[in-house]
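All chains, please: the whole structure from these sequences, using the hints.
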Amino acid sequence: MSRKSAREWIVKYIFQATINEEYNNENFEKFCENFEINSNEKEFIEFSINSIFENLNIIDENIEINLIGWEFNRLSSIDKSILRVATNEILFNENIPNKVSINEAVEIAKRYSSDDAYRFINGVLGSISRKSLAE
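Just so we're aligned, residue 51 is where the sequence shown starts under my numbering, counting upward by one.
Derived by calculation from the structure, the hints in this document are not laboratory data. Any given hint could turn out to be false.
Ranges of calculated distance between the beta carbons of each label pair, as one might list FRET restraints [stated by the list, open to error]:
{"no.": "1", "residue 1": "E114", "residue 2": "S89", "range": "11 to 21 Å"}
{"no.": "2", "residue 1": "N123", "residue 2": "Q66", "range": "32 to 42 Å"}
{"no.": "3", "residue 1": "S89", "residue 2": "L117", "range": "34 to 44 Å"}
{"no.": "4", "residue 1": "F97", "residue 2": "S127", "range": "18 to 28 Å"}
{"no.": "5", "residue 1": "N143", "residue 2": "N84", "range": "18 to 28 Å"}
Note that CB positions come from ideal geometry on N, CA and C, so glycine has one too.
Now the structure itself:
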């Protein structure tokens, strides 16, 4: 499984957890079993998911600050999930270049979201990235 594929699984899990409004290790283990996620990628996926939930308020604040003409609570659950995964990488994972996180998010949006969502996601993440580099 590639990192691209792992990011898709992270988005899917965050989407599911957001809709169900719950995250715990038992749910994560069931998720991995159901989708036969191998142990190599499971570690990266779990690390990312834990980071997202540990930093969710900071992540959501950064997304909300960079929404121009939009309200966070009006975003679709899939767009929120994609933005959360990429914003987490931009803010909290120095090992992944921001351009990679943004590009992967755009590609995931093209696959799973509405037709023009990828442009919106690219704009929001570009703004978050520029501000994070300026700090």
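Hints, verified against the model:
At about 36 Å, the CB distance of E114 to S89 disagrees with the hint of 11 to 21 Å. For N123 and Q66, the hinted distance range of 32 to 42 Å is not satisfied, since their beta carbons lie about 19 Å from each other. The hint said 34 to 44 Å for the Cβ distance between S89 and L117, and at roughly 37 Å that hint holds. Checked against the hint of 18 to 28 Å, the pair F97 and S127 passes, with Cβ atoms roughly 23 Å apart.
Here the CB-CB span from N143 to N84 is close to 26 Å, well matched to the stated 18 to 28 Å.
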